[in-house]
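In the order they appear, the protein sequences are chains A and B. The first sequence begins at 1 in my numbering and counts up one residue at a time. The second sequence begins at 1 in my numbering and counts up one residue at a time.
Hints are supplied without guarantee of correctness; some may be wrong.
Stated by the list, open to error - Here are the simulated lysine-lysine pairs, DSS-like style, with alpha carbons at most 30 Å apart:
| hint | chain 1 | residue 1 | chain 2 | residue 2 |
| --- | --- | --- | --- | --- |
| 1 | A | 387 | B | 43 |
| 2 | A | 437 | B | 278 |
| 3 | A | 303 | B | 320 |
| 4 | A | 384 | B | 320 |
| 5 | A | 458 | B | 123 |
| 6 | A | 112 | B | 185 |
| 7 | B | 312 | A | 37 |
| 8 | B | 75 | A | 85 |
| 9 | A | 85 | B | 371 |
| 10 | A | 455 | B | 60 |
| 11 | B | 32 | A | 387 |
| 12 | B | 129 | A | 28 |
| 13 | B | 43 | A | 85 |
| 14 | A | 454 | B | 185 |
| 15 | A | 154 | B | 93 |
| 16 | A | 491 | B | 278 |
| 17 | A | 454 | B | 338 |
| 18 | B | 320 | A | 317 |
| 19 | A | 12 | B | 81 |
| 20 | B | 320 | A | 12 |
| 21 | B | 371 | A | 154 |
| 22 | B | 12 | A | 483 |
| 23 | B | 60 | A | 510 |
| 24 | B | 50 | A | 437 |
No wet-lab data here; the hints were simulated from the structure.
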Amino acid sequence: MADKAQIQEAIKAQGEVVRRLKAEKASKDQIDEEVAKLLQLKAQLGGEDGKHVFVLKTAKGTRDYNPKQMAIREKVFNTIIGCFKRHGAETIDTPVFELKETLTGKYGEDSKLIYDLKDQGGELLSLRYDLTVPFARYLAMNKITNIKRYHIAKVYRRDNPAMTRGRYREFYQCDFDIAGQYDPMIPDAECLKIVYEILSELDLGDFRIKVNDRRILDGMFAMCGVPDEKFRTICSTVDKLDKASWEDVKNEMVKEKGLSEGVADQIGEYVSMQGGMDLAERLLQDPKLSQSKQACAGLADMKQLFSYLQLFQVTDKVLFDLSLARGLDYYTGVIYEAVLSQMIQAPVVAEQNGALPGDEASVSVGSVAGGGRYDGLVGMFDPKGKKVPCVGVSIGIERIFSIMEQKAELLAEKVRTTETQVLVASAQKNLLEERLKLTTELWNAGIKAEVLYKKNPKLLTQLQHCEETGIPLVAILGEQELKDGVVKLRKVASREEVDVPREELVEELKRRTSKLP
Amino acid sequence: MTVSQIDEEVAKLLQLKAQLGGEDGKHVFVLKTAKGTRDYNPKQMAIREKVFNTIIGCFKRHGAETIDTPVFELKETLTGKYGEDSKLIYDLKDQGGELLSLRYDLTVPFARYLAMNKITNIKRYHIAKVYRRDNPAMTRGRYREFYQCDFDIAGQYDPMIPDAECLKIVYEILSELDLGDFRIKVNDRRILDGMFAMCGVPDEKFRTICSTVDKLDKASWEDVKNEMVKEKGLSEGVADQIGEYVSMQGGMDLAERLLQDPKLSQSKQACAGLADMKQLFSYLQLFQVTDKLLAEKVRTTETQVLVASAQKNLLEERLKLTTELWNAGIKAEVLYKKNPKLLTQLQHCEETGIPLVAILGEQELKDGVVKLRKVASREEVDVPREELVEELKRRTSKLP
């Protein structure tokens, strides 16, 4: 325990830091951070009675999920996992931290965003940054050459809040990958089919899946005159085309990355091209591109991909787009990204939202899934360098959650946080025993039931509980009903009531609840 | 040195060597998970999913909601909550921001969540991993990353009803998981404290005598009495009095008998605990439960049918049919080969437990049918193409 006097000194010093930042009108995030440190120091002193007082917050960049958010999350996961299972995928899980060693050297510049664990005398550990490197480690460790797996779990990145405000540091990733040597492009096509199915079922509105190929990009750069060593950096510049204009991108290529205007213009002609199989066929005839073996290989595979996509009935939303140049270094072949359309129509019905009927509401934009082929990664982990080709996709689950949460709010949708089908209630006093007996019968029959923890609750209180939590039915017991051997079954919303013989109640409830959505 | 200590030093040596890289400068390294952690392979995940479904199904049946909290908390939040166990907490490195630690259990985060959101009533479950830097020399075989599955009811209610529901839930879960016979032991802190007081244990020794009594599930009364007298300084007389009580087991009848006990009935605390114990047992009687049985082969996928072909050049047809099935919500697979052998395709079904195979061939295509075969029995029947989806749905709805 640090000396009390030392803590008090530290509090004084930290107080000065906070005052200075406020006077300098520093950013809110910086001030918040220093204030939190100050509060923590103060807390160490304790309250007057020595009671431990502390700051009630989650770590920066992390958040709790409340029951409503969990209910939405569960629906989204069920849809996504249902799709993965429909396609025959298995699932695995890996630890939240890996040996620091395992993650080192895999993420390039992003490595500074990795959370390390304190050296407490054992192995050096870091929190996982994504699910792909753990996957490659798992494959190499277990000498697996073929697997179709999905993995949904949280990953950790120490994003600098000043630069990327609003981004969480702990967030879900939802990955689907097919590892193994197969006849070309069939697994790649299945990945796209899966993205298509998921985005359709989640009802997020219209979307497009852009596809391209690293070999086509590299071949294009080579034929346009980009020096080899600049490929990757020009790639990241081209990648900005989804957010910036061609002028800005060309500017960066010429002024910052040192390309000649002529080379930049040539790139510009290609990256404006979009199409389907027809574009791949046209480019195979292109005088420049056809001279690159790499580009031709990529284009031939693109044609093959589209032929499978036609059989998989997804070509209406897939676009071969030469401006797609995804960030991560480890892609070796096809790459793709799914983007939602700009506006989602949301008929606002609740008056209290203060909107007029027919108002449109714009909900988030941006990429909701991305991935590609990465044939070299597993080989980096294998001591003999044995290659295991992989193709996969990562679904942007957090973005999808936030869109669904916004949708629910806009539509004033009631999100239930429990699945209870019936509340067992009583109108009169001294019927707790009977209520508990009936509830037990229902639980034993697998019916989702609740009962209030009160010996003599008012009927109104019990009905209010149903209304607040969305329980659709209430089974009411009373002296007369018990004598007659019946239960009053009431629909909470309509107040329609009917007497049901006790021995038929379970069956009646199962009948009614199987019709519910 | 112990084996685990040697392993640890060897791992450090290998990590240092790895930093040198291989001969071609290639980065070579140790392929392992962190000490005390493990991957879950697909079979383990399939078992885990079943167990979670049973448990969560039970929680939902009782009207519980769920929450989730971050894997790390402010170090501050966890400090001072775990007594001696605090040294087992994983800290994050100070990288210039807040000081953080990995959560040690789900209860402290729950309390923080309630306080932060000013919640006074909630029935919640939370299933998530927690982290403890157990010293391997002392607790070999214990994982450092492991699941906890908590169910808690917070709030002021009429006494013992929520307590009884918790026990009902444990009973239901253990029954449904089919783990064999089990017992749930109950007691009450107030009864224990009242008993210690009436037997003559000094107040300041209550907690430490409590931990000694707790060892009775693993040690004999002689050993426990010995610890009480020789290590904790109780007189033999006091220890013997405790011994008479702690050998008692029963139901509501025991609670009633103890309320008449000359010594115990003098303790207000013990009486309150015993009265509540009676009430608890009355509710437990109303909550009676029955056993259920489950038995299933462990599959790692849920695929219902493999779309196959006996002849060459039928990839396109296989893909078309598979697409029809996916679009109809049927769980289907197809091999990633243009011209696979039928035997290979059937072997895939046997290895992964896929029960049905839909076989296409030139003749079948001409006749507009699909050969639907049960993998296990090899019974085959030709199904008209347009009736296939319906037939598959019919068959798969009958499967367990």
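Are the Cα atoms of residue 384 of chain A and residue 320 of chain B separated by 30 Å or less?
violated (40 Å)
Assess, step by step, whether the Cα of residue 50 of chain B is no farther than 30 Å from the Cα of residue 437 of chain A, and give holds or violated.
holds (29 Å)
Hinted pair, alpha-carbon criterion (30 Å max): residue 455 of chain A, residue 60 of chain B. Please report holds or violated.
Holds: residue 455 of chain A and residue 60 of chain B sit about 23 Å apart, inside 30 Å.
Does residue 303 of chain A pair with residue 320 of chain B here, judged by a C-alpha cut-off of 30 Å?
Status holds; Cα separation ~18 Å.
Within 30 Å, alpha carbon to alpha carbon, are residue 387 of chain A and residue 43 of chain B?
With a Cα-Cα distance of about 25 Å, the restraint between residue 387 of chain A and residue 43 of chain B holds, given a limit of 30 Å.
CA of residue 12 of chain A to CA of residue 81 of chain B, is that 30 Å or under?
With Cα atoms ~27 Å apart, residue 12 of chain A and residue 81 of chain B stay inside 30 Å; holds.
Take the C-alpha atoms of residue 437 of chain A and residue 278 of chain B, compute the straight-line distance between them, and say whether it is at most 30 Å.
holds (18 Å)
Hinted pair, alpha-carbon criterion (30 Å max): residue 43 of chain B, residue 85 of chain A. Please report holds or violated.
holds (14 Å)
Hinted pair residue 12 of chain B and residue 483 of chain A, Cα distance within 30 Å:
The given pair, whose Cα atoms are some 76 Å apart, is violated under the 30 Å limit.
Holds or violated: residue 454 of chain A and residue 338 of chain B, Cα atoms, limit 30 Å.
violated (67 Å)
Would the hint linking residue 458 of chain A and residue 123 of chain B be met if the CA-CA limit is 30 Å?
It holds: about 21 Å lies between the C-alpha atoms, which stays within 30 Å.
Has the given pair, residue 320 of chain B with residue 317 of chain A, been kept, meaning a C-alpha gap of at most 30 Å?
With a Cα-Cα distance of about 18 Å, the restraint between residue 320 of chain B and residue 317 of chain A holds, given a limit of 30 Å.
Checked against the numbered hints above, the structure breaks hints 4, 6, 7, 8, 12, 16, 17, 20, 21, 22 and satisfies the rest.
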